[in-house]
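Top line first, the protein sequences correspond to chains F and C.
Throughout the first sequence, residue numbering follows our numbering, covering 1 to 296 in sequence.
Throughout the second sequence, residue numbering follows our numbering, covering 1 to 264 in sequence.
If you are wondering where the hints come from, they were derived from the structure by calculation, not from laboratory data.
Quick reminder that beta carbons are idealized off the backbone N, C-alpha and C, glycines included.
Take every hint as true, because none was put in to throw you off.
Derived Cβ-Cβ restraints for the label pairs, each shown as a range:
1. F:203 / C:165: 22 to 32 Å
2. C:85 / F:97: 57 to 67 Å
3. C:16 / F:203: 27 to 37 Å
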Amino acid sequence: MELQSIFIILCAVCVIIAIIILDAMNSPSKYFVYDKDNRRHRMLRKGIIAFVSLVVFVLIWWNLSLLLDNPAIPTPQTTWEALVFLFQNGDSISGMTMWGHMSISLERFFAGLLIALAIAVPFGLLLGYSDTLKEFSSPTLEALRPIAPIAWAPIFLFTVGYTWGPILVVFVGIFFPVLTNTMFGVKKIDPNWVDAAKTLGATKVQTFVKVMLPAAVPYIMNGLRIGMGVGWMCIVASELYASFGGGVGYFISIQAQMGYWPNVYAGIVIIAILGILTTSLADYLHKVITRRMGIE
Amino acid sequence: MSEKIVINHLRKVYKTDEQETVALEDFSLEIQKGELISIVGPSGCGKTTLLRLIAGLMEPSSGEVSIGGKKCTGPGPDRGMVFQEFALFPWRSVRKNVEFGLEIAGVPAEQRRKTAERYIRAVGLEGFEDHRVHELSGGMKQRVGIARALVTKPDVLLMDEPFGALDAQTRNIMQGELLRIVEKTDTTILFVTHSVDEAVYLSDRIVVLTKRPASIKDIVDIGIPRPRDRASPEFIRLRKQILTELEDENVRPAVHAEALNGGK
Numbered sequence: 001m002e003l004q005s006i007f008i009i010l011c012a013v014c015v016i017i018a019i020i021i022l023d024a025m026n027s028p029s030k031y032f033v034y035d036k037d038n039r040r041h042r043m044l045r046k047g048i049i050a051f052v053s054l055v056v057f058v059l060i061w062w063n064l065s066l067l068l069d070n071p072a073i074p075t076p077q078t079t080w081e082a083l084v085f086l087f088q089n090g091d092s093i094s095g096m097t098m099w100g101h102m103s104i105s106l107e108r109f110f111a112g113l114l115i116a117l118a119i120a121v122p123f124g125l126l127l128g129y130s131d132t133l134k135e136f137s138s139p140t141l142e143a144l145r146p147i148a149p150i151a152w153a154p155i156f157l158f159t160v161g162y163t164w165g166p167i168l169v170v171f172v173g174i175f176f177p178v179l180t181n182t183m184f185g186v187k188k189i190d191p192n193w194v195d196a197a198k199t200l201g202a203t204k205v206q207t208f209v210k211v212m213l214p215a216a217v218p219y220i221m222n223g224l225r226i227g228m229g230v231g232w233m234c235i236v237a238s239e240l241y242a243s244f245g246g247g248v249g250y251f252i253s254i255q256a257q258m259g260y261w262p263n264v265y266a267g268i269v270i271i272a273i274l275g276i277l278t279t280s281l282a283d284y285l286h287k288v289i290t291r292r293m294g295i296e
Numbered sequence: 001m002s003e004k005i006v007i008n009h010l011r012k013v014y015k016t017d018e019q020e021t022v023a024l025e026d027f028s029l030e031i032q033k034g035e036l037i038s039i040v041g042p043s044g045c046g047k048t049t050l051l052r053l054i055a056g057l058m059e060p061s062s063g064e065v066s067i068g069g070k071k072c073t074g075p076g077p078d079r080g081m082v083f084q085e086f087a088l089f090p091w092r093s094v095r096k097n098v099e100f101g102l103e104i105a106g107v108p109a110e111q112r113r114k115t116a117e118r119y120i121r122a123v124g125l126e127g128f129e130d131h132r133v134h135e136l137s138g139g140m141k142q143r144v145g146i147a148r149a150l151v152t153k154p155d156v157l158l159m160d161e162p163f164g165a166l167d168a169q170t171r172n173i174m175q176g177e178l179l180r181i182v183e184k185t186d187t188t189i190l191f192v193t194h195s196v197d198e199a200v201y202l203s204d205r206i207v208v209l210t211k212r213p214a215s216i217k218d219i220v221d222i223g224i225p226r227p228r229d230r231a232s233p234e235f236i237r238l239r240k241q242i243l244t245e246l247e248d249e250n251v252r253p254a255v256h257a258e259a260l261n262g263g264k
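Build the full structure now, drawing on both the sequences and the hints.
Next comes the structure, spelled out in structure tokens:
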């Protein structure tokens, strides 16, 4: 009980310190004047908030784990030790280090992503271009879209096996957001651009390639950004469901079956970190490419 | 290169489920090579429709446009178009925007570059070749728009309120620039505008349209030698004449307005 009270007090102190710092930044003082037009100041402020937020989160977790005293809720400390051990020595069941599981999951993720892009982008462009094709495809697509991608996992695993199954689940997850955004992008094109191209002598194919495709790129990127978030959930979920030969989801699943809870939490931490990395990668790509295209 | 443009009994009817609206009624006009003709008319009378019909972006209900005796079907690089909202491709640099028409025509890269540079110079944008569209001011954007339309050497340049989105000062500068460019390149121009002042300043002839359905009310010859002085008595007289004609159109009671007021 004593430990817990200490943690509760620590939490409260953290929050209070954070509020004091941020408040001091907003009101002019002689030590530090927060200038919101200064990029460094903004980043510093953001950094402090993020750091305090994480510290508070870990403290609450720590506190809860001591309070509930349940083996399925290890402390952050044991989780950290498990994590370090897993990166250095690997786990006893699969014999792989965490690096191995991560690379397998990432491979599957990017394979699914590439296939989804290769199909959804051209298909989305065509759907945006041709109303007839859209009217023809919409009923089917609208029926399939609300289905959670993971619902396909049993079918994919049975039909194409453990290597391609998870990849196809990721494919389904990324396919729809990219498709609808690409289609939307073509529909939203400034009609003046198309008219300008036509009056300069462009044929339908030339207009499609030289105007519609580049004009849709920011929308495609937006679809990719949403799709990467969904895809990352899909890969973990499908690995949890069933897979062989590793992967972070698979790792969590077998560790949970054996009751090695700190290892399960280590896996969850890795998922969180990789998830943040993939979405920031998507955000970064989106920003760079839309800026290059001159469309903000 | 440039040929006489003949517009013959052009007519456009918009059809919806409930009704038919005649937008343009029996529009005929001959444009000589090198002429600058302005079209003015009451707001919403169908000036833009007329220009889009000539550009081939819309199908006329009847009538035709021909250049040098050859009938025009659909849009083509023989009729260049300059848009009010510029309609530049933001993902292309200034140079690449101007090159667009040549790229479409399959002109080799090196020649494309040379030609584009000549036109970029003609509109006074040398030094800005590699700039992005969003880095340019409104007036500069429209210079790019003009260069892009001229690069395919069109028989006629169709300009749809090209300076309408610019502030008054830039507008005056661009009017002067346009005359300079026209002189240099010997282009035929059909120019739609709201501004009577602009029309009198620029044009050889002004076509005044009636209210919707638009038809020709009057064609005014502007005989004033260039450069024109906006304060000269002749300029003011012509401006007033055309303004009066337009006002007459605006006061003329619309048929459907009467029907609304006169009960069901």
